[in-house]
Every structure is written in C-alpha cells, then in structure tokens.
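Those sequence lines, one after another, are chains R and C. Here the first sequence stands for residues 7 to 302, where the numbers follow the numbering used here. Here the second sequence stands for residues 270 to 617, where the numbers follow the numbering used here.
Do not take every clue at face value.
Unchecked claim - Pairs of lysine-lysine, DSSO-like flavour, derived with a Cα cap of 27 Å: (1) C/LYS449 <-> R/LYS133; (2) C/LYS449 <-> C/LYS282; (3) R/LYS20 <-> C/LYS450; (4) R/LYS93 <-> C/LYS559; (5) R/LYS133 <-> R/LYS93; (6) R/LYS126 <-> C/LYS274; (7) C/LYS282 <-> R/LYS133; (8) C/LYS559 <-> C/LYS450; (9) C/LYS288 <-> R/LYS93; (10) R/LYS133 <-> C/LYS610; (11) R/LYS93 <-> C/LYS316; (12) C/LYS559 <-> R/LYS133.
By construction, these hints were calculated from the structure, which means they are not laboratory data.
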Amino acid sequence: MVVEDIRKAYGDLKAVDGVSLSVAEGEFFGILGPNGAGKTTTLEIIEGLREPDSGSVRLLGESPWPRRVPLLPRVGVQLQASSFFEKLTAREQLETFASLYGVGATRAHEMLDLVGLADKADTREDKLSGGQRQRLSIACALVHDPDVVFLDEPTAALDPQARRNLWDVLRAIQARGKTIVYTTHYLDEAEILCDRVAIMDKGRILAMDRPAALVRGLDAPTHVILERGSLSAADAAALPGSGEVGEDELSLTISTRQPAELLSALANRGALEGLQVRTATLEDVFLNLTGREYRA
Amino acid sequence: MTAFKSLALAMVKGFYRDKATLFFTFVFPLMFLLIFGLLFRDSGSEKITVGAVGEGPVITALADTGVVELERYPTMAEAVAKVRDGDLPAAVGQSGNEITYRFAASDQNQAGTVRGIVVGVVDNLNLAATNQPPRYTVDESNVEDSSLEPIQFITPGIMSWGVAISAVFGAALTLVNWRKKQVLRRIRLAPVGVPTVLSSRVVVSVGVAIVQAVVFLGIGSLPVFGLRLVGTWALAIPVFLLGVLAFFAIGMLVGAFCKTEEAATGAANIVVMPMAFLSGTFFPIEQSPKWMQAVSQIFPLRHMNDGIMDFLVRGQGASALVVPCLVLAGFTVVVGAIAAKVFQWEDS
Ligand SMILES: Nc1ncnc2c1ncn2[C@@H]1O[C@H](COP(=O)(O)OP(=O)(O)OP(=O)(O)O)[C@@H](O)[C@H]1O
Ligand SMILES: [Mg+2]
C-alpha cells in the first residue's frame with residue numbers, strides 16, 4: 007500500500023493535508039491522533055470510499071478510486087460508525103455480508119465464535135451493547151478473509167477483556183501474513199500491537215516509525231515516582247543521578263537520566279514506598295510533537 | 270446464497286419484522302376497503318322514493334318498473350306538502366284518466382329522472398290504448414359486466430392505492446435507511462453491482478404488491494362484499510405490475526432526495542395522497558370536475574386504476590392494454606432515470 011501526498015479539504019478545513027505513507031505486506035500499521043486529526047478521512051481515501059482532492063493511492067498495486075470491483079474481495083473494512091442491516095440478528099448480519107462476498111454461512115458462524123458473540127447470535131443488532139456491536143462490525147469486516155484489513159477504532163467501546171481478545175484475533179490474522187491498518191486512541195495499545203505507527207494531527211503526519219524507535223528518539227528522562235512524604239524534595243534533589251524534582255499532593259516525582267544509580271541510592275535509604283518507574287511512552291512523543299497533552 | 274438472494278432476504282426480514290410497515294401495507298388499505306365496501310354495498314340498487322296518490326294503471330305500471338319506490342298518501346295535498354318540505358323529490362297522483370305530477374325544483378336531478386319515468390310509463394299506456402304496434406323499439410342491455418356492483422369499482426381503486434403506498438414507502442425507506450446507517454457504503458465496498466442491489470429491491474417490492482393484491486382481492490371476494498373476478502381480469506396483471514414499477518421508481522426518487530426517514534415519509538405522503546384523491550381511489554373520478562379529471566391524467570395512479578378497471582369491471586379486450594402500459598412504463602423509465610441521476614451512496 008503506497009499513499010503519496012493525499013489531500014482532502016471540506017470547505018476551508020483541510021481534513022487531510024499532504025499525507026504520504028507506505029505499508030508493506032504483512033505489516034501491522036497504526037494511525038494515532040486526537041479527534042478530528044483526519045484518521046478516518048485518510049483511511050476512507052485509501053479504502054476507495056472517498057476521492058482525494060489530490061495525491062495518489064496504490065492498494066495491492068491498484069488505484070482504489072474509482073471503485074475497482076476486483077480489488078474489493080481482497081480488502082476488509084470496518085467503518086468507524088457501525089453499518090448494519092435493519093432488524094437483522096447478529097448471525098443474519100454476518101450471513102448477509104458473507105454472501106455479498108460469495109462466502110458461505112459456515113464461515114459466518116465461525117466468525118461469531120471468533121469475536122465471542124456465539125451466545126448473541128439471535129439477538130437483533132439494535133439490542134446489542136455498544137461493545138458487542140463493535141465486535142460484530144469487526145467480524146463483518148473479516149468474514150471474507152481479506153488480505154488487507156482496515157479497522158477504524160476497533161477497540162473503542164470494548165471492555166478490557168474484549169480488547170485483549172481482539173488483540174489476539176488481530177495478531178492471529180497478522181501471523182497468517184495479512185496486512186492490518188488500524189486507527190486507535192490508545193497509545194499503549196498501539197505500542198504493543200503495531201509494527202509501525204503514524205502520529206497524525208490536523209491532517210498531517212507528525213511522526214512515523216516503530217513505536218520503540220519513536221520513544222527512544224524522544225530521548226526523554228525516566229520518571230521515578232514516590233509516595234509523598236517518604237523523602238523531602240531537597241533530599242531527593244541531592245541523590246546521585248537525580249534531575250528535576252516535582253511534588254504534588256500525593257507524590258514526589260524525580261526525573262533522571264541515570265535511573266540505575268538513582269534507584270540503588272533510593273534502595274540504600276530504604277525509601278521505596280509506593281515506588282513507580284515510568285519510562286517515556288508514545289504519549290510523551292505526542293506531547294513533545296504537538297506541545298499538547300494527549301487527550302483522546 | 271447469492272448476493273441477490275441474501276439482500277432480498279434481508280429486505281424481506283426488515284419488512285415483516287416492522288409492525289408499522291405491516292400495518293400500512295395491509296391493515297390500513299383494508300380498513301378503507303371494509304368501510305367503503307360496506308358503505309356502498311347496496312348503493313347500486315338504491316331507488317328513488319316518490320309520493321303516490323290514488324289508484325290506476327299508471328300507478329300500477331310505475332310500481333312495476335322497479336326503479337322507483339312508491340310511498341302512499343291519501344290526498345294529493347299531503348303528498349305535495351312532503352315534496353315542499355324536501356322529504357320527497359316528486360309526487361304522482363292518478364284520479365281516473367288524469368295524472369298529476371308535482372316535483373321539487375330544489376332537486377331537479379331526481380325530479381327530472383322521475384318525470385322521465387312517469388312520462389315514459391304514461392306514453393306506453395297511451396300507445397297500448399291505441400292498439401297500434403310501436404313504430405320504434407329500443408333494444409337495450411347493460412354494456413358493463415352484468416355483475417356490476419360497487420365493490421367491483423372499490424376493490425381495484427383501494428388495491429392500486431395500497432400497492433402504490435407500499436411500493437413508494439418500501440423503496441424510499443430502504444434507500445434512506447441504508448444510506449443513513451452506512452449500509453450502502455458498506456455494500457459499495459463489497460463486490461456487488463448496483464443492478465444486484467436494485468433488482469433485489471424490485472423483486473421484494475413486486476412480491477409484497479402481489480401478496481397485497483391477493484389479500485385485497487381475497488377479502489373483496491368474501492360473500493359480504495361479493496367481488497367477482499370476471500371476464501378479462503387476467504389482462505389487468507401487466508398493468509398492475511407496471512404500476513408497481515412506476516411507484517417503485519417514485520420511491521427511489523423520494524429516497525434519493527431525502528436524508529432522513531421522517532423526511533421520506535412526509536415526501537412520500539405528499540406524492541401519494543393527492544394522487545389517491547384525484548385518481549378515483551375514494552370516489553369515482555367521473556364525479557369530479559372536468560379540469561380535475563384532466564389533471565389526474567398526469568398521475569400514474571389514475572392510469573393504473575383505469576387500466577385495472579378496464580379489465581376487472583369493463584371486460585375490455587387486450588387492445589385496452591396499450592395506453593396504460595405505455596404510460597406506466599414511460600413513467601417508470603423517466604422517473605427512474607432522474608432518481609439514478611440524483612442518487613447518492615452517502616450523505617455528503
Ligand atoms: N463529510 C465531511 N464534511 C465536512 N467535514 C468533514 C467531513 N468528514 C470529516 N470532516 C472533518 O474533517 C476533519 C477530520 O475528520 P476525521 O473523521 O478524519 O477525523 P478522525 O481523526 O477520524 O477523528 P476521530 O478520532 O474523532 O474519529 C474533522 O475536523 C471533521 O470535522
Ligand atoms: Mg475517525
């Protein structure tokens with residue numbers, strides 16, 4: 007998948023403002039960014055649902071716009087807002103979508119099991135919970151076993167258990183050589199799942215790399231957090247390896263570039279109560295890139 | 270299962286699982302059929318009541334015509350008082366060879382009818398009295414089917430109307446709902462062509478219309494109503510089917526324009542209601558003013574109605590197919606083309 011300098015404006019608003027990226031076969035690619043960053047618009051242009059104002063897209067070697075029917079069976083899409091047939095049960099939804107791709111009902115029933123909805127098979131779509139709808143929507147995107155899967159915030163609205171189950175499903179798909187492109191607001195999740203991520207804001211890609219590389223490139227200090235009162239701020243600042251020291255009602259935070267030295271000094275003083283060590287995450291990358299807290 | 274079949278199945282399930290849709294498809298038109306059917310059950314044989322005074326061959330002959338109902342009065346003065354009060358359109362008295370006819374000018378239609386009958390009876394008796402054979406004779410017979418009863422008019426009218434509403438609503442609401450819920454976008458991402466989606470909806474609409482027709486005709490045929498499928502009724506089938514297609518096309522146009530189900534429902538009503546009133550669904554079109562009859566020629570419902578009645582009621586031959594079929598087919602093509610032009614996969 008190769009995307010070159012695509013742009014899309016809605017009136018004065020540049021929803022996508024010069025995005026270029028490429029995703030290799032078998033890669034798990036994440037697009038991150040706050041609300042309105044342009045993630046959905048970017049995905050929909052790549053999927054062939056929207057025409058870009060300019061720029062080009064090659065998906066599996068072909069241009070998805072205008073609609074290319076031979077390409078469609080190889081692509082699976084979960085739209086951000088779920089799209090279901092009115093008044094059909096979960097099983098009927100899957101069977102209907104399966105048949106659109108010429109896939110049999112057996113496979114549709116397997117998909118229900120896969121996303122853990124077997125016991126809800128006969129429930130009407132409008133009677134499912136938000137997370138269950140989300141899972142059904144993902145199952146509908148995967149039912150024809152596509153080579154490239156686009157998922158727009160698949161883990162939004164999922165409970166922690168369902169989220170982890172979905173991770174397993176997605177990893178299994180990737181293990182079979184399929185390509186996955188997905189958007190998420192969960193930076194921690196992207197760090198765990200993705201081979202590479204792109205961080206988007208205001209229609210542009212701010213950074214794109216492996217999550218670990220992005221974090222390392224940040225060269226951010228490690229934060230050691232202690233319960234407040236276990237050590238005075240002045241004492242903390244005097245410790246070997248200690249950098250900036252900050253205090254709030256609950257905790258004392260020491261930033262350090264030599265975490266090993268600082269930790270052993272703390273251990274010597276027996277001041278390890280409530281100890282937390284926080285290394286930089288994608289959240290810090292985002293903060294650093296945009297100058298804003300990441301608020302999803 | 271093929272995409273065509275499963276889409277059709279999805280639409281059929283969406284249809285029969287929706288109680289409101291079922292109501293407006295079957296129960297609502299049936300309510301009108303019941304009301305009109307019972308209301309007009311005897312209207313065809315309804316007779317004019319006329320005051321009668323005295324005895325004689327004319328009064329006897331009048332009673333024998335079977336067209337008027339005679340109400341006896343002892344004196345002419347009493348009968349005339351009734352006419353003056355507007356209770357009777359006319360009164361006839363016979364005293365010896367003298368016939369008195371008094372009528373209400375306020376009800377000239379009926380009074381004129383009665384006068385024609387009275388004069389006819391008197392002329393016949395005069396002729397008979399001369400013992401001459403009549404020079405002119407009238408050979409008369411009913412040109413319409415002999416079974417002509419109001420139900421024969423009412424059922425096709427209500428049926429066309431009921432089928433028209435559900436074809437328009439079915440097409441429009443599916444389109445709007447599927448667009449709003451992004452189902453259309455999702456289908457667009459699947460290797461399914463527009464003709465497949467469209468034809469599955471057409472097949473469902475036609476199927477629903479056929480079920481409606483069977484139900485309406487079946488209920489009309491109950492002994493209480495006494496509808497009879499007579500003569501060339503089978504020729505009404507092509508008119509019926511083309512009518513369904515014409516209204517399907519209108520539904521697609523409504524669905525292409527409207528963003529929400531509420532808007533589509535309103536628009537569909539605005540399109541179908543005037544048509545129903547001006548196309549002979551609720552009262553015979555012949556009773557409305559000339560200009561209205563002319564205006565109603567632009568409505569497909571008028572042609573569907575007329576076309577079906579030509580066979581179901583008037584027993585016409587296959588040549589009567591040409592006009593309604595051409596009009597309805599033309600309508601379908603033109604409206605369908607406009608709908609295709611304004612169609613959108615998603616809300617912009
Ligand atoms: N059809 C549209 N018409 C006008 N503006 C639009 C349309 N679709 C999206 N936008 C605008 O484009 C911008 C990007 O929207 P987009 O849906 O791509 O964001 P997103 O990154 O997916 O956000 P979210 O995290 O909330 O899903 C937003 O400011 C949005 O208001
Ligand atoms: Mg989005």
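Hint-by-hint comparison with the structure:
no., hint, in the structure
1, C/LYS449 <-> R/LYS133, "holds, 18 Å"
2, C/LYS449 <-> C/LYS282, "holds, 19 Å"
3, R/LYS20 <-> C/LYS450, "holds, 26 Å"
4, R/LYS93 <-> C/LYS559, "violated, 47 Å"
5, R/LYS133 <-> R/LYS93, "holds, 10 Å"
6, R/LYS126 <-> C/LYS274, "holds, 24 Å"
7, C/LYS282 <-> R/LYS133, "holds, 16 Å"
8, C/LYS559 <-> C/LYS450, "violated, 46 Å"
9, C/LYS288 <-> R/LYS93, "holds, 11 Å"
10, R/LYS133 <-> C/LYS610, "violated, 36 Å"
11, R/LYS93 <-> C/LYS316, "violated, 54 Å"
12, C/LYS559 <-> R/LYS133, "violated, 55 Å"
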